[in-house]
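Q: These protein sequence lines are chains A and B, in that order. According to UniProt numbering, the residues represented by the first sequence are 1 to 424, in order. According to UniProt numbering, the residues represented by the second sequence are 1 to 424, in order.
Just so you know, these hints were derived from the structure itself, not from any lab. Among the hints, erroneous ones may be present.
Here are the computed distance ranges between Cβ atoms for each label pair [unchecked claim]:
| # | chain 1 | residue 1 | chain 2 | residue 2 | range |
| --- | --- | --- | --- | --- | --- |
| 1 | A | 403 | B | 206 | 25 to 35 Å |
| 2 | A | 84 | B | 278 | 48 to 58 Å |
| 3 | B | 110 | A | 13 | 26 to 36 Å |
| 4 | A | 307 | B | 412 | 48 to 58 Å |
| 5 | A | 174 | B | 399 | 15 to 25 Å |
| 6 | A | 271 | B | 331 | 52 to 62 Å |
| 7 | A | 84 | B | 304 | 16 to 26 Å |
| 8 | A | 85 | B | 243 | 17 to 27 Å |
Glycine is no exception: its CB is placed at the ideal position from the N, C-alpha and C atoms.
Protein chains: 2
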Amino acid sequence: MTTTTAPTTPGTTLREGAFGPAVSLICRECGTTRELGPHYACHECFGPLEIGYEFGSVTREQIEAGPANIWRYKALLPVPDDIESSPNLEPGFTRLLEARNLATELGITKLWVKDDSTNPTNSFKDRVVACALSAAREFGSKVFACPSTGNLANAVAAAGARAGIRTVVFIPSNLETPKQVNSAVFTENLVAVDGNYDDVNKLASEIAGEEDGWAFVNVNVRPFYAEGSKTLGYEIAEQLGWRLPDQIVIPVASGSQLTKVHKAFQELIALGLVEDKPYKVFGAQAEGCNPVATAFAEGHDAIRPVKPDTIAKSLAIGNPADGIYVLDIARQTGGAVEQVSDDEIRDAIVLLARTEGIFTETAGGTTLAVLKKLVATGQLDPERETVFINTGHGLKTLDAVSGSVGPAATIAPTYDAFVAANLA
Amino acid sequence: MTTTTAPTTPGTTLREGAFGPAVSLICRECGTTRELGPHYACHECFGPLEIGYEFGSVTREQIEAGPANIWRYKALLPVPDDIESSPNLEPGFTRLLEARNLATELGITKLWVKDDSTNPTNSFKDRVVACALSAAREFGSKVFACPSTGNLANAVAAAGARAGIRTVVFIPSNLETPKQVNSAVFTENLVAVDGNYDDVNKLASEIAGEEDGWAFVNVNVRPFYAEGSKTLGYEIAEQLGWRLPDQIVIPVASGSQLTKVHKAFQELIALGLVEDKPYKVFGAQAEGCNPVATAFAEGHDAIRPVKPDTIAKSLAIGNPADGIYVLDIARQTGGAVEQVSDDEIRDAIVLLARTEGIFTETAGGTTLAVLKKLVATGQLDPERETVFINTGHGLKTLDAVSGSVGPAATIAPTYDAFVAANLA
């Protein structure tokens with residue numbers, strides 16, 4: 001890691017209020033605080049930086065009067081007060097649906113699904129990218145970029161197009177054509193890299209370290225980017241009628257989303273926007289990429305990296321940066337981190353579709369399959385109110401289920417054939 | 001057409017308030033009025049029936065206090081007052097985005113895109129299906145069904161799953177596997193029919209005519225179903241700050257959506273929710289399925305059916321039921337119905353993605369391409385405020401652009417290769 005270059009184009013000065021209520025950057029490892037700016041690693045210990053805030057008065061009424069997207073929470077995000085006037089994809093405020101059929105199926109009393117598959121590019125990444133875009137704009141970045149194999153590439157390419165900022169997206173050159181099209185449609189600068197995702201990621205870090213003015217959303221503007229996931233937590237609380245659930249199940253890739261949802265809940269409590277209460281946080285991983293679940297099961301404090309091999313590609317981060325924080329939160333709150341097989345993931349995708357009419361990608365399948373397992377193993381209390389997060393859309397991972405669902409019958413185009421098929 | 005059978009299961013009685021402010025069914029051909037019920041064809045002339053209302057007092061504040069979905073307009077729809085308590089997909093209240101980059105590109109002063117690609121199953125069909133589902137529930141229908149090749153199948157299968165009603169979806173057996181999966185994931189009863197879409201449609205009408213208790217959304221509950229499209233008009237007006245645009249461009253398949261958006265605008269004026277003002281309505285078709293555009297261009301009052309051959313498959317209705325009403329509205333308001341080629345459609349899909357970060361399907365490409373043509377030919381005033389509707393998601397018609405977009409470069413995973421590629 002390096003802090004010598006930055007997303008800031010030389011000569012740029014930050015305007016007053018560029019980051020709203022954010023006031024500092026705090027190292028999550030050593031706690032050192034520094035001034036807010038285009039930094040992402042601690043100058044003392046190279047640990048990851050996180051945003052520190054001084055919130056003013058924030059009321060439920062003020063939030064409810066805001067737009068039906070994440071900017072209703074702008075007073076809690078590192079974005080300027082005029083954020084809504086800058087072209088962006090306006091993600092968020094997605095549905096929180098009570099999942100009655102699914103609850104019955106699983107033997108749970110009260111279950112909700114937070115469905116982020118209906119975001120602009122059909123995953124929760126639109127939330128984090130919107131916050132990264134705001135930071136890039138305030139830093140005067142000349143390029144908006146990311147390495148990715150999927151959801152992040154879509155979100156960055158689309159958000160950059162709408163913002164009118166030069167956007168460059170790096171993908172492994174062996175990525176399937178449909179996934180390439182999903183991003184290439186938005187940007188002239190899709191760059192195929194001959195190598196695997198790790199190679200692409202390494203190249204991105206190298207470019208971020210060499211070129212001024214390049215904002216890599218998940219590298220050098222990561223502290224700002226990551227805060228976008230807090231909005232999932234705010235929305236769940238608001239949509240439940242300004243209260244917290246008893247239990248929440250969240251997928252774990254880097255682990256960032258889970259830590260940010262917890263952070264959001266803590267902020268809402270501190271601000272008096274919801275009542276303080278205990279809640280349990282559960283993490284979901286695939287067996288084919290289970291470093292955090294393994295550490296949890298074995299009672300370790302450190303994460304041993306793995307080489308991913310799972311259909312849940314959007315969760316396939318073998319060395320998750322926030323894994324240790326996920327362990328902390330799961331243990332502190334009385335939750336857990338569990339893992340499921342690819343077959344369990346496939347089954348869960350179909351289960352969610354057949355019970356609630358939501359087509360989730362493999363990440364959501366993982367989360368639901370873990371929820372099911374947590375109930376079966378007694379780790380999750382079926383009598384207590386539970387929320388799980390669906391982070392993306394099944395249209396992006398069609399292959400996962402195309403072998404397991406299909407027509408029930410093929411008939412001739414006649415009423416007699418219909419009757420004979422016994423469908424009435 | 002027949003009115004002898006109905007979606008009502010024998011023995012079912014309608015409950016008080018089952019259809020909210022709706023009070024009657026009115027024939028659009030002869031004007032004959034009949035009592036509200038499970039009917040879809042006039043008993044005098046077999047013309048199509050439409051819902052008649054007696055609206056109570058409806059205020060902006062009342063609507064704004066409602067949920068962020070179509071049920072905020074329940075006082076204007078044929079649904080019961082407790083509609084929100086019945087499990088449904090909660091579609092609507094999708095983004096209305098100001099399209100500044102696109103406006104600049106087209107030389108238009110003020111342009112908005114109403115983006116229905118972020119609906120639960122990624123098309124406007126979720127709106128109409130939600131209203132059909134409510135009707136089916138009130139009629140005590142035992143089966144929720146449709147013939148479809150795409151968006152409608154997805155929407156019906158998903159909505160039926162969540163509602164816990166038996167759902168049967170009929171598709172042509174030669175439909176591509178990905179499209180089959182999009183519906184099969186939601187229902188055990190996807191039925192492949194050996195024939196083309198017309199054969200499937202004919203079979204559906206036959207079943208609707210023979211079996212009691214089958215609610216075919218676009219056949220025997222069509223009057224209720226079609227009203228769902230009004231919500232597009234309500235949302236556009238509300239999201240503009242309770243006013244109407246000067247010009248609106250809407251795709252034309254059956255023509256129903258266009259007529260309902262116009263109906264919605266007229267209702268809002270009549271109720272005093274927006275100021276009365278002139279606005280022009282434009283219809284968009286593909287050259288490969290252009291019966292309404294042709295009739296408009298030739299000044300005819302009747303529609304001559306065509307055999308569709310276009311990449312805009314969701315608009316490929318060769319004999320559009322509401323075509324004559326579309327002609328009326330376009331002429332009355334000073335609008336037009338235009339047509340564009342498949343190449344223009346493909347270009348428009350990429351144009352929208354690159355300027356506004358929205359990936360539309362071929363129907364949306366058609367609408368934008370027509371908008372572009374209307375400006376170029378002077379039929380649409382570039383100085384006046386314009387809205388166009390994006391009805392669906394590009395993930396469903398990937399093939400349309402997969403030949404025309406892709407990586408700009410393929411490089412080795414090194415910084416030197418990056419520099420040599422001249423991307424900085």
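Q: Go ahead and decide if the range 26 to 36 Å is satisfied by the Cβ distance of residue 110 of chain B to residue 13 of chain A.
A: 33 Å, holds
Q: Can you let me know if the beta-carbon spacing of residue 84 of chain A and residue 278 of chain B is within 48 to 58 Å?
A: With a Cβ separation near 30 Å, residue 84 of chain A and residue 278 of chain B fall outside 48 to 58 Å, so the hint is violated.
Q: Per the hint of 52 to 62 Å, is the separation of the Cβ atoms of residue 271 of chain A and residue 331 of chain B within bounds?
A: 57 Å, holds
Q: Is it true that the C-beta distance of residue 403 of chain A to residue 206 of chain B lies inside 25 to 35 Å, as the hint says?
A: At roughly 33 Å between Cβ atoms, residue 206 of chain B and residue 403 of chain A fall inside 25 to 35 Å, so the hint holds.
Q: Taking the Cβ atom of residue 85 of chain A and the Cβ atom of residue 243 of chain B, is their distance within the range 17 to 27 Å?
A: Cβ of residue 85 of chain A to Cβ of residue 243 of chain B: about 20 Å, so the range 17 to 27 Å holds.
Q: Between residue 84 of chain A and residue 304 of chain B, does the C-beta distance stay in 16 to 26 Å?
A: Check failed, 48 Å falls outside 16 to 26 Å.
Q: Is it true that residue 174 of chain A and residue 399 of chain B lie within 15 to 25 Å of each other by Cβ?
A: 21 Å, holds
Q: Check the following: the C-beta atoms of residue 307 of chain A and residue 412 of chain B are separated by a distance inside 48 to 58 Å.
A: Given about 23 Å between the Cβ atoms, the range is violated.
Checked against the numbered hints above, the structure violates hints 2, 4, 7; every other hint is satisfied.
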